[in-house]
Each structure stands twice: as C-alpha cells, then as structure tokens.
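S.K.: Sequence:
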Amino acid sequence: MNKVIPIHAMDDFKQRSKAVLNDPAQRSNFRGAMDFLQAKRRGQFPDQKELQGLRELGASIRRYSLANLPRLLEQLEQNLAARGVQVHWALDADEANAIALSIAQRVNAKTIVKGKSMVSEEVGFNHAMQAAGIEAMESDMGEYIVQLAGEAPSHIIMPAIHKTKQEIASLFAKEIPGVAYTDDVDALIAIGRRVLRAKFAAADIGLSGVNFCIAETGTLCLVENEGNGRLCTTVPRVHIAITGIEKVVEKLEHVVPLLSLLPRSATGQNITTYVNMISAPRQSGELDGPDEVHLILLDNGRTQAYADEQLRATLQCIRCGA
Numbered sequence: 001m002n003k004v005i006p007i008h009a010m011d012d013f014k015q016r017s018k019a020v021l022n023d024p025a026q027r028s029n030f031r032g033a034m035d036f037l038q039a040k041r042r043g044q045f046p047d048q049k050e051l052q053g054l055r056e057l058g059a060s061i062r063r064y065s066l067a068n069l070p071r072l073l074e075q076l077e078q079n080l081a082a083r084g085v086q087v088h089w090a091l092d093a094d095e096a097n098a099i100a101l102s103i104a105q106r107v108n109a110k111t112i113v114k115g116k117s118m119v120s121e122e123v124g125f126n127h128a129m130q131a132a133g134i135e136a137m138e139s140d141m142g143e144y145i146v147q148l149a150g151e152a153p154s155h156i157i158m159p160a161i162h163k164t165k166q167e168i169a170s171l172f173a174k175e176i177p178g179v180a181y182t183d184d185v186d187a188l189i190a191i192g193r194r195v196l197r198a199k200f201a202a203a204d205i206g207l208s209g210v211n212f213c214i215a216e217t218g219t220l221c222l223v224e225n226e227g228n229g230r231l232c233t234t235v236p237r238v239h240i241a242i243t244g245i246e247k248v249v250e251k252l253e254h255v256v257p258l259l260s261l262l263p264r265s266a267t268g269q270n271i272t273t274y275v276n277m278i279s280a281p282r283q284s285g286e287l288d289g290p291d292e293v294h295l296i297l298l299d300n301g302r303t304q305a306y307a308d309e310q311l312r313a314t315l316q317c318i319r320c321g322a
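Residue numbers (the working numbering): 1 to 322.
Since the hints were made in silico from the structure, they are not lab data. Any given hint could be a false lead.
Here are the computed lysine to aspartate or glutamate pairs in the DMTMM-like style, where the Cα-Cα straight-line distance is at most 20 Å [to be verified]:
| # | residue 1 | residue 2 |
| --- | --- | --- |
| 1 | K40 | E50 |
| 2 | K165 | E151 |
| 3 | K110 | E292 |
| 4 | K251 | E216 |
| 5 | K174 | D186 |
| 6 | K165 | E175 |
| 7 | K14 | E151 |
| 8 | K165 | D35 |
| 9 | K110 | D204 |
Build the full structure now, drawing on both the sequences and the hints.
M.R.: Listed below in structure tokens is the structure:
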C-alpha cells in the first residue's frame with residue numbers, strides 16, 4: 001500500500017501522452033465520465049446569464065484578492081497566529097516537505113493520513129515522507145485507488161476517472177488482504193471506507209489542502225464530500241494544511257459566491273456535503289480536534305506568475321475542474 005509513484009522526466013511526456021491518447025479504453029473512460037460531469041454542471045446552471053454573472057463576480061473577488069495579496073497574507077498570518085495556528089512559509093517543494101518532515105519528526109509521527117490536496121501532489125509530498133520512513137496514505141477514495149495502483153491522479157476532481165469498476169475490483173482483490181473480487185460499486189466503496197477508517201484512528205498526523213484562506217477571520221475553508229477531510233483535520237493530534245499563497249481572500253463574505261461556483265462547476269452539486277471552517281487547534285473544554293494546527297503557504301513559482309500581468313490571471317483559478 002506504500003507504493004512510490006515514479007516522477008517521470010518531462011522529456012518523455014510526448015511519448016507517454018501519445019500512448020494514453022491511443023488507448024481506446026482510456027479515451028472511452030474519460031469521454032463517458034466527462035460527459036456525465038458536464039451534464040451535471042449544465043443542470044446546475046440552466047440560466048447562462050446567472051452563470052456569467054456569478055463567474056464575473058468570482059473573478060472580481062479573485063482579482064481583488066490578488067491585487068492585495070501581500071497585505072492579505074500578512075493579515076492571515078497574524079490572525080491565525082493569534083488563534084494558535086502555526087504558519088510556515090515555503091519557497092519551493094523541498095522547503096515545504098522539509099517543514100512537514102520536521103513537524104512529523106518532532107512529534108515522532110509514523111503515519112500521516114491525507115485528505116485531498118493538489119499542492120501535496122505538486123511538491124511530491126508522499127515520496128518525501130516515504131523516503132523518511134513515514135507512511136503517507138491518501139484517504140480521498142479516488143486518490144486512495146490510484147495510490148494503491150501506484151499511479152498518479154488523472155483529474156483534479158476525480159483522480160481515478162480513468163479506471164473502470166472492474167479494474168478497481170481487481171486492484172482491491174489483489175492489494176487488500178482478505179478482499180474477494182466484486183465489481184459492485186457500493187461494496188467497493190464500503191471496502192475502501194473500512195480500510196481507511198482504521199487509518200484515521202491510528203494516524204499521528206492529518207494533512208489537508210485548503211480551498212480558501214480567509215484573512216480577516218484567520219480561517220481555513222475546506223470543502224469535500226466524503227468526510228475524509230473532516231476526519232483528517234479532527235482525529236489525528238496534529239493537523240498540517242498546505243496550500244499555495246494565492247488561495248487567500250479578504251472576507252468571509254467573499255467565500256460565498258466562490259462556494260456557489262466551486263461545487264456546482266466541479267460535481268454538479270448545490271453545495272458539498274462538508275464545508276469545514278478551521279480557525280484554531282482544539283480549545284480547552286472541546287471534545288475533538290487536533291492539539292496542533294499548522295499551515296504551510298507555498299510559493300513554488302507563484303510570485304513569478306504574480307509579477308507578470310498576464311500570468312497573474314492564472315492565480316485566480318479556484319480549481320473547480322470545469
């Protein structure tokens with residue numbers, strides 16, 4: 001279950017991409033899944049004027065946030081620190097992994113259970129932890145499937161979109177002890193949940209991404225559907241959140257239209273099952289939550305994009321996958 005996914009050099013990208021594009025099964029899997037997602041998205045936005053107006057509002061919020069990024073980042077750090085959240089700044093992937101590793105080693109962590117985090121994929125977090133002898137296990141069902149298969153995610157919202165239920169059934173039967181082959185989707189989800197539930201209970205650290213950092217309140221906003229994000233951020237005694245420096249917004253009210261755009265565009269839902277607002281570690285008298293909360297703010301080339309008027313627009317993206 002602790003497979004290390006090889007990081008390929010870019011010089012063979014064309015060769016690998018051609019191989020996938022020439023795979024009829026892969027093309028069929030993606031076509032069917034993407035048609036399904038796009039149909040759900042259209043169902044959420046029957047009024048194109050509403051969609052365009054909401055997109056323009058969301059874009060204006062993101063532009064405003066980026067225009068004030070240095071100030072908002074300072075405000076975010078100040079307000080998080082006042083509530084007991086430890087903020088760390090990482091120039092690149094190596095620094096981000098070194099910060100996380102130092103936290104893990106200080107608390108003698110052996111296992112990390114992860115919610116969905118594209119930034120952790122960006123920095124090669126799993127490889128860095130495994131190299132140090134620490135298990136880093138994905139808990140998002142799609143991410144768990146591709147990690148079990150020794151593969152990389154194929155889609156920002158649906159990481160295992162390229163796999164059929166028969167392929168997942170064979171994978172589970174091969175890799176999970178005591179599991180017989182079944183291609184019943186509900187049964188497969190139940191098997192994955194059973195394995196992951198034990199991991200949540202045993203993990204020393206929970207790692208998550210962040211959808212939006214709210215500067216004025218010192219809040220980390222995390223949306224998800226499976227409950228794994230909430231478990232990652234409340235059950236282990238240490239929570240590490242990692243995100244890019246561009247994910248900050250100024251006010252809580254700025255999150256509302258962005259949350260209207262994000263799930264409706266990503267999965268065709270009015271709202272996700274869970275909307276987590278995290279502002280502090282566990283306080284006196286509270287029954288759950290971590291003893292420590294850390295936020296790693298990653299640059300990794302973002303300031304270079306920020307300095308370029310055309311490239312800055314790429315930092316507006318809310319990662320909806322549309």
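S.K.: Now, for every hint given, state plainly whether the structure supports it.
M.R.: Now for the hints, and whether the structure bears them out:
A C-alpha spacing of about 16 Å is found between K40 and E50, which places the hinted pair at or below 20 Å, so the restraint holds. Annotation: proposed proximity of K165 to E151 holds, straight-line Cα distance about 16 Å (limit 20 Å). With a C-alpha separation of about 16 Å, the suggested pair K110 and E292 falls inside the 20 Å cut-off, and the hint holds. For the hint linking K251 to E216, the alpha-carbon distance of about 6 Å falls within 20 Å, and the restraint holds.
Distance restraint check for K174 and D186: the Cα-Cα separation of roughly 18 Å lies within the 20 Å cut-off, and the hinted pair is therefore satisfied. Between the alpha carbons of K165 and E175 the distance comes to roughly 15 Å, so the proposed pair stays at or under 20 Å and holds. Of the supplied pair hints, the one linking K14 and E151 holds, its CA atoms being roughly 18 Å apart against a limit of 20 Å. For the proposed pair K165 and D35, the alpha carbon gap of about 18 Å is at most 20 Å, so the pair holds.
For the suggested pair K110 and D204, the alpha carbons sit about 7 Å apart, so the restraint of at most 20 Å is met.
The structure fails none of the hints (numbered hints given earlier).
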